[in-house]
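Student: Residue-level listing of the chains:
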Amino acid sequence: MAVGHAEGPGQNLLLTRLEDVISWARSNSLWPLTFGTSCCAIEMMMASGASHHDLARFGAEVTRPSPRQADLLIVAGTIVKRMAQPLRTLYEQMPEPRYVIATGACVISGGPFIYHSYSSLRGVDDVIPVDVYVPGCPPRPEGLFYGILTLQRMIRERAGLKHPEERRAPVTAALPEGITKQEIQAEMLELFEAQGRRNVHEEYRRTVSDPGAKGAYPGRGERG
Amino acid sequence: MTPKTLTLQDLLRTDFAPGGGTQEYFVNMGPQHPATHGVLRLLLKLDGETLRQVIPVLGYIHRGIEKICEHQTYRQIVHLSDRLDYLSALANNWCVTRVVERAAGIETNERIETIRTLMAELERLQSHTLWWGVFGMDLGAFTPFLHGFRDREELTQIFEDTIGARLTMNYIQPGGLLHDLHKDFAPRVRAWLKDFGTKVDEYDRMLSGNLIAQKRLVDIGALSGDEALGLGATGPVLRASGVPWDLRRVRPYGVYDQLDFVVPVGEKGDCWDRYWVRIEEMRQSLALCETLIENIPEGKTMLVKPAAKIRLPEGTFYEELETPRGIFGVHLHSRGKDMPWRFHFRSPNLHNLWCITKIAPGARVADIVAMLAGLDLIVPDMDR
Amino acid sequence: MSDWLEDFIAGKEGAELLADDRPRSLLLPLPALIGSMQALKAQGFDMLNDHMAVDNPEGEHIRLLWLLCSTESGELLRVCCDLPRQQPVAPSLNALWPVAEWQEREVYDLFGVLYSGHPDLRRLFLEDDWEGWPLRKDYEDSFILEPGKP
Ligand code: SF4
Numbered sequence: 070m071a072v073g074h075a076e077g078p079g080q081n082l083l084l085t086r087l088e089d090v091i092s093w094a095r096s097n098s099l100w101p102l103t104f105g106t107s108c109c110a111i112e113m114m115m116a117s118g119a120s121h122h123d124l125a126r127f128g129a130e131v132t133r134p135s136p137r138q139a140d141l142l143i144v145a146g147t148i149v150k151r152m153a154q155p156l157r158t159l160y161e162q163m164p165e166p167r168y169v170i171a172t173g174a175c176v177i178s179g180g181p182f183i184y185h186s187y188s189s190l191r192g193v194d195d196v197i198p199v200d201v202y203v204p205g206c207p208p209r210p211e212g213l214f215y216g217i218l219t220l221q222r223m224i225r226e227r228a229g230l231k232h233p234e235e236r237r238a239p240v241t242a243a244l245p246e247g248i249t250k251q252e253i254q255a256e257m258l259e260l261f262e263a264q265g266r267r268n269v270h271e272e273y274r275r276t277v278s279d280p281g282a283k284g285a286y287p288g289r290g291e292r293g
Numbered sequence: 076m077t078p079k080t081l082t083l084q085d086l087l088r089t090d091f092a093p094g095g096g097t098q099e100y101f102v103n104m105g106p107q108h109p110a111t112h113g114v115l116r117l118l119l120k121l122d123g124e125t126l127r128q129v130i131p132v133l134g135y136i137h138r139g140i141e142k143i144c145e146h147q148t149y150r151q152i153v154h155l156s157d158r159l160d161y162l163s164a165l166a167n168n169w170c171v172t173r174v175v176e177r178a179a180g181i182e183t184n185e186r187i188e189t190i191r192t193l194m195a196e197l198e199r200l201q202s203h204t205l206w207w208g209v210f211g212m213d214l215g216a217f218t219p220f221l222h223g224f225r226d227r228e229e230l231t232q233i234f235e236d237t238i239g240a241r242l243t244m245n246y247i248q249p250g251g252l253l254h255d256l257h258k259d260f261a262p263r264v265r266a267w268l269k270d271f272g273t274k275v276d277e278y279d280r281m282l283s284g285n286l287i288a289q290k291r292l293v294d295i296g297a298l299s300g301d302e303a304l305g306l307g308a309t310g311p312v313l314r315a316s317g318v319p320w321d322l323r324r325v326r327p328y329g330v331y332d333q334l335d336f337v338v339p340v341g342e343k344g345d346c347w348d349r350y351w352v353r354i355e356e357m358r359q360s361l362a363l364c365e366t367l368i369e370n371i372p373e374g375k376t377m378l379v380k381p382a383a384k385i386r387l388p389e390g391t392f393y394e395e396l397e398t399p400r401g402i403f404g405v406h407l408h409s410r411g412k413d414m415p416w417r418f419h420f421r422s423p424n425l426h427n428l429w430c431i432t433k434i435a436p437g438a439r440v441a442d443i444v445a446m447l448a449g450l451d452l453i454v455p456d457m458d459r
Numbered sequence: 176m177s178d179w180l181e182d183f184i185a186g187k188e189g190a191e192l193l194a195d196d197r198p199r200s201l202l203l204p205l206p207a208l209i210g211s212m213q214a215l216k217a218q219g220f221d222m223l224n225d226h227m228a229v230d231n232p233e234g235e236h237i238r239l240l241w242l243l244c245s246t247e248s249g250e251l252l253r254v255c256c257d258l259p260r261q262q263p264v265a266p267s268l269n270a271l272w273p274v275a276e277w278q279e280r281e282v283y284d285l286f287g288v289l290y291s292g293h294p295d296l297r298r299l300f301l302e303d304d305w306e307g308w309p310l311r312k313d314y315e316d317s318f319i320l321e322p323g324k325p
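Protein sequence lines correspond, in order, to chains L, C and U.
Plus 69 on top of the position in the first sequence (first one is 1) and you've got our numbering.
Plus 75 on top of the position in the second sequence (first one is 1) and you've got our numbering.
Plus 175 on top of the position in the third sequence (first one is 1) and you've got our numbering.
Hints listed in this document are in silico derivations from the structure and should not be mistaken for laboratory results.
Bear in mind the structure is a predicted one, so any value in this text is a computation, not a measurement.
For every residue, glycine included, the Cβ atom is placed at its ideal position computed from N, Cα and C.
Don't take each hint at face value.
With the C-beta cut set under 10 Å, the calculated list includes, among others, these residues of chain C facing chain L [claimed, not checked]:
id	residue
1	Tyr-100
2	Ile-136
3	Lys-142
4	Thr-148
5	Asp-157
6	Arg-158
7	Ala-164
8	Leu-221
9	Gln-333
10	Phe-336
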């Protein structure tokens with residue numbers, strides 16, 4: 070939040086600070102549109118609506134069925150040719166500033182339906198601009214959270230009051246540039262520990278560093 | 076003479092006020108609508124608040140899976156099948172597996188069949204808990220959603236331990252199972268089943284007796300048994316109309332022939348009966364799982380080389396089984412290659428959907444949400 | 176199972192039993208289709224389980240398949256019928272089983288088979304202005320991507 074804006078003539082201190090405050094508020098009150106076409110939508114429901122994962126912790130749980138009340142479009146599920154037009158309409162109905170997260174292999178590249186399909190689009194970015202890609206088929210709820218956290222960081226860093234349109238190049242939430250896998254694991258670790266659940270990533274790291282360790286990664290180790 | 080073809084525009088141009096009565100109008104529901112659970116689009120022809128006609132418009136998620144299947148090996152098709160009806164992924168896997176196994180003449184052992192049956196029943200529970208939660212939400216009650224998803228999440232984690240995926244699960248393969256069971260599987264399932272036994276009663280107390288729910292379900296969308304058969308309905312929708320047609324009973328597969336269970340059957344075929352049949356099915360599945368988890372025999376879980384190419388003889392093969400939503404069938408037309416010549420899925424949701432064209436006319440516009448929720452539709456399975 | 180099926184086809188010109196194991200299949204000539212289907216429905220096949228088509232470009236025909244099911248005996252029966260590929264016109268079974276209306280729309284959409292007597296022959300999945308029949312083997316579309324080809 071403390072990142073100052075690129076200074077130019079006429080840029081005064083108060084306005085810069087105000088922009089920061091607004092981006093901070095905006096990033097923590099994302100209102101996603103309830104939109105899902107297929108499998109990924111169920112995982113999104115598990116993440117956003119259900120009690121276990123609880124998206125409310127990250128300030129993005131107010132899902133809205135109407136695009137006019139939403140500012141975050143989570144594209145969950147395959148987009149086919151026939152759906153492209155309605156999707157574009159939905160996007161254009163959303164008020165500025167609006168953000169798009171593409172979840173799942175299908176909307177990133179076509180996923181399982183990339184070859185031989187006469188109707189599946191190969192990537193939703195042909196239709197609407199995307200801010201964050203979350204890979205997976207479908208991404209786990211934690212993956213979606215990571216995508217939302219990434220978007221929030223982007224909003225805080227870049228999009229200001231005066232530049233709602235300014236975007237930086239879209240990022241993949243799995244491995245954003247400049248962020249190492251270790252950092253992601255550390256962040257996930259916190260997330261898991263906060264939940265008091267068994268920590269898959271920690272166990273996985275132990276298996277990797279100590280190949281002799283048995284049965285650490287769930288469902289893999291003991292089968293060799 | 077070549078038969079006449081129509082377009083959607085032709086339908087919209089029909090006579091709006093037949094006989095000079097009140098004027099009818101169209102309302103578009105979907106493809107982006109929270110109650111259609113995806114991208115189903117319904118054109119509602121209304122007269123005031125009364126529905127005159129419902130025209131489903133499909134294709135907003137038609138991915139061309141049948142065409143893709145013609146270019147995939149049989150093992151790869153198993154993986155595509157769980158993207159159809161993702162809430163019954165394992166049942167879909169099983170159906171594809173069965174047709175491939177029968178065509179290739181692969182025999183399985185008792186352990187494999189028991190685990191497959193157990194997984195299918197657990198998934199029926201998982202699917203019905205989600206249905207129950209969403210059903211409540213569609214009627215305007217948010218609490219069921221939280222409860223249904225809470226119980227589902229536990230089960231999802233149990234599946235994840237063994238299968239490695241949360242939703243698009245791939246476990247049942249031609250020749251056996253992808254992995255053996257996780258070492259925590261049996262204790263966790265036992266604990267979950269014990270817990271869930273009380274949850275079903277809680278579900279009943281929470282929603283079933285609710286006066287508003289009753290008012291919105293009883294006598295809404297009644298469908299007689301003959302009509303349901305003619306419309307091709309299967310699964311809980313058909314059974315709610317009084318036809319005891321359950322493939323687990325009439326043509327048993329897996330180890331269902333050794334199991335004892337009741338097929339719940341409704342009377343009137345209204346939304347309430349569909350609700351009740353599914354709640355009862357949860358109880359039956361619970362009892363089945365409790366029996367199965369104690370009786371898993373020893374044995375191998377994969378009987379063929381997992382990477383071996385499968386080449387099927389020429390012919391047309393068909394297998395079907397009972398998923399949580401009805402009869403899922405697979406037609407396989409092989410020409411002796413390692414890829415099918417034609418692969419066709421018989422989708423339970425597509426056939427159940429047509430019931431809406433029969434039960435909706437005459438009802439109020441608010442009832443259509445209850446009817447859709449009662450049919451429990453999964454759109455990607457309809458469109459394929 | 177009984178041999179009523181052999182008696183059933185005995186009097187019919189051009190009808191034959193296909194040497195498929197299960198479900199048993201019956202190949203009918205086009206003119207006999209409606210009459211046989213009526214007779215089969217009267218026999219107790221009250222459920223039209225599924226309807227699909229298979230393209231056969233070498234034989235210059237499209238084979239239609241209907242899967243019938245009897246909820247009394249639990250028996251499955253497949254009925255097949257070959258249509259010429261250039262002029263595929265089949266009678267609609269809509270009057271016997273209402274679900275045929277939509278199953279036939281699907282086959283029309285993907286294979287271009289026309290059904291006479293169909294009340295509402297529209298495409299089911301694709302847009303009305305879509306060109307071609309995607310599940311035919313000779314369907315060509317520059318949109319389709321194939322592995323290894325740019
Ligand atoms: S990415 Fe996978 S899970 Fe998501 S919509 Fe596509 S096939 Fe379904």
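Student: If any of the earlier hints don't hold here, list their numbers in rising order.
Tutor: 1, 4, 9, 10
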